[in-house]
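For chain A, the structure is supplied; the task is to place chain B on it using the hints.
There are 2 protein chains.
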Amino acid sequence: MSTAALEFWFDFASNYCYPAVMRVEALAAAQDVVVHWRPFLLGPVFRAMGRGEAPLFEHPAKGRYVWRDMERRCRLHGLPFRRPSVFPRRALLPMRIATLGVGQAWMGAFCRRAMHAAFALDREIDEDGAMRELLGDLGLPADRLIAAATDAGNKSALRARTDQALARGIFGAPMLLVGGEMFWGDDRLEEAVAWAARGGDDAGAS
Amino acid sequence: MSTAALEFWFDFASNYCYPAVMRVEALAAAQDVVVHWRPFLLGPVFRAMGRGEAPLFEHPAKGRYVWRDMERRCRLHGLPFRRPSVFPRRALLPMRIATLGVGQAWMGAFCRRAMHAAFALDREIDEDGAMRELLGDLGLPADRLIAAATDAGNKSALRARTDQALARGIFGAPMLLVGGEMFWGDDRLEEAVAWAARGGDDAGAS
Numbered sequence: 001m002s003t004a005a006l007e008f009w010f011d012f013a014s015n016y017c018y019p020a021v022m023r024v025e026a027l028a029a030a031q032d033v034v035v036h037w038r039p040f041l042l043g044p045v046f047r048a049m050g051r052g053e054a055p056l057f058e059h060p061a062k063g064r065y066v067w068r069d070m071e072r073r074c075r076l077h078g079l080p081f082r083r084p085s086v087f088p089r090r091a092l093l094p095m096r097i098a099t100l101g102v103g104q105a106w107m108g109a110f111c112r113r114a115m116h117a118a119f120a121l122d123r124e125i126d127e128d129g130a131m132r133e134l135l136g137d138l139g140l141p142a143d144r145l146i147a148a149a150t151d152a153g154n155k156s157a158l159r160a161r162t163d164q165a166l167a168r169g170i171f172g173a174p175m176l177l178v179g180g181e182m183f184w185g186d187d188r189l190e191e192a193v194a195w196a197a198r199g200g201d202d203a204g205a206s
Numbered sequence: 001m002s003t004a005a006l007e008f009w010f011d012f013a014s015n016y017c018y019p020a021v022m023r024v025e026a027l028a029a030a031q032d033v034v035v036h037w038r039p040f041l042l043g044p045v046f047r048a049m050g051r052g053e054a055p056l057f058e059h060p061a062k063g064r065y066v067w068r069d070m071e072r073r074c075r076l077h078g079l080p081f082r083r084p085s086v087f088p089r090r091a092l093l094p095m096r097i098a099t100l101g102v103g104q105a106w107m108g109a110f111c112r113r114a115m116h117a118a119f120a121l122d123r124e125i126d127e128d129g130a131m132r133e134l135l136g137d138l139g140l141p142a143d144r145l146i147a148a149a150t151d152a153g154n155k156s157a158l159r160a161r162t163d164q165a166l167a168r169g170i171f172g173a174p175m176l177l178v179g180g181e182m183f184w185g186d187d188r189l190e191e192a193v194a195w196a197a198r199g200g201d202d203a204g205a206s
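These protein sequence lines are chains A and B, in that order.
Read in UniProt numbering, the first sequence has 176 at position 176, and its numbers run on one by one without any break.
Read in UniProt numbering, the second sequence has 190 at position 190, and its numbers run on one by one without any break.
It is possible that some hints are incorrect.
Identical chains share a label here; the pair holds if one copy fits it or two copies do between them.
Unchecked claim - Taking lysine to aspartate or glutamate and the EDC-like style, the derived pairs with C-alpha atoms no more than 20 Å apart in a straight line are: (1) K62 to D187; (2) K155 to E58; (3) K155 to E127; (4) K62 to D163; (5) K62 to E7; (6) K155 to D128; (7) K155 to D143; (8) K62 to E25; (9) K62 to D128; (10) K62 to E181; (11) K155 to D126; (12) K62 to E191; (13) K62 to D151; (14) K155 to D32; (15) K62 to D143; (16) K62 to E133.
Because the hints were derived from the structure by calculation, they are not lab data.
Chain A extracted, bound-state conformation:
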């Protein structure tokens, strides 16, 4: 029985988290790697680092590049993509629901639907109505989950997770952790999963 696992740190507000959220469970499952979802807020991390709220987009030429790169990468991965009309898009409510969903069977499907809404359909996701519809589509008790997500204890769980991200040196998203090893970005997903599957640095050499 395999116990290979990776931690997947993400924020729905991050553009490169879109392809990573859509891909991570399927990639990991193919190599018997378990995904531990780690929703955290990227905004406070950027602020603690003295960066703006969307550092990739501070320089116009780089911002144009990132959107073009998103188009190309999504096409490579067979993912629909529509450039968001608002960026970064607020995602606090879905992030709180995701905090509630850690360890639940519906977590992966919820995260993929939230990201699909934001980056394929260009919809707002930080809204009760949008979340109620999305949770309902998954056959989940939307009202109860939204109430639990906005409960003080769950809010502080998300803040605590964000503090933990900072304490562990996480500086961006998506960030994949395998033990003490960090892999940053959708384009390191395959490498991180392979690392987890072979149980670290040298295990693959045998």
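Just chain B, lined up with the frame of chain A:
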């Protein structure tokens, strides 16, 4: 006869240019793509963008990550790597020699040796002695080339190339251009070469 080509914009001072310089010609040749070398100075580009001289390393956690990523990526590519004791390392003289080498048969071999010295051997490369030895090893007239490289006309050719980089929206390195399409980073090398080989976006669909 294929006329597929890509422009490879690079600076020896950039860490991610190391694996890219080592790999680009072999990858491109395997798909009948011609590499046009485009040496430019990243420092003035960063300054024009209001960034520091080594933006990847401004935040300690991110800096640590980048070196670890370099170790892992170089190992994946079978490239020796030693973390430079000085970074960024000055590279003006080799960049001037590379400016002279554009279109010359020795360009690829020269670039790979300069990068090997900096990132595999942890050697200074912005020195007459180091360049004389390296050019000599390639069977080239070192004294004549160094004199030509530091000639006013060649110096201004490198400055002009750097201005051209800015004008074309280049914000980092390595940057690969295929027509108007930009690909940034060693981890986009395969994608850029494939794009060039199939002559653009949709040609591959046929």
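Hints versus structure:
Proximity of K62 to D187 under the C-alpha cut-off of 20 Å is found in both arrangements, the shortest distances being 17 Å within a copy and 16 Å between copies. Neither within a single protomer nor between protomers do K155 and E58 lie at most 20 Å apart by alpha-carbon distance, with minima of 29 Å and 31 Å respectively. Proximity of K155 and E127 under a CA criterion of 20 Å is satisfied intra-copy only: 16 Å inside one chain copy versus 57 Å between copies. When the C-alpha separation of K62 and D163 is checked against a cutoff of 20 Å, the pair qualifies only between copies, where the shortest distance is 17 Å, while the shortest distance within a copy is 29 Å.
Within a single copy, K62 and E7 get their C-alpha atoms only as close as 29 Å, which misses the 20 Å cut-off; across copies the closest is 18 Å, which meets it. For the identical chains of this complex, K155 and D128 are intra-copy neighbours only, at 16 Å inside a copy versus 61 Å across copies, given an alpha-carbon limit of 20 Å. Taking the shortest Cα distances, K155 and D143 sit within 20 Å of each other inside one copy (17 Å), while across copies they are farther apart (68 Å). For a Cα distance limit of 20 Å, the shortest separation of K62 from E25 qualifies neither inside one copy, at 30 Å, nor across copies, at 26 Å.
In this homomeric assembly, K62 and D128 never come within 20 Å of each other (Cα to Cα): the closest approach is 33 Å inside a single copy and 36 Å across copies. Taking the closest pair of Cα atoms, K62 and E181 come within 20 Å of each other only across two copies (13 Å); inside a single copy the shortest separation is 28 Å, beyond that limit. Taking identical chains as interchangeable, the C-alpha atoms of K155 and D126 lie at most 20 Å apart only when both belong to the same chain, with a minimum of 15 Å there against 54 Å between chains. In the homo-oligomer, the alpha carbons of K62 and E191 lie at most 20 Å apart only across protomers (18 Å), although the nearest pairing inside one protomer, at 25 Å, exceeds that limit.
Proximity of K62 to D151 under the C-alpha cut-off of 20 Å is found in neither arrangement, the shortest distances being 39 Å within a copy and 34 Å between copies. With identical chains, the CA atoms of K155 and D32 are never at most 20 Å apart, being 32 Å at best within one copy and 55 Å at best between copies. Taking the shortest alpha-carbon separations for K62 and D143, neither the intra-copy value of 41 Å nor the inter-copy value of 40 Å comes in at or below 20 Å. Taking the shortest Cα distances, K62 and E133 never come within 20 Å of each other, neither inside one copy (35 Å) nor across copies (38 Å).
Against the hints set out earlier in the document, violations occur for numbers 2, 8, 9, 13, 14, 15 and 16.
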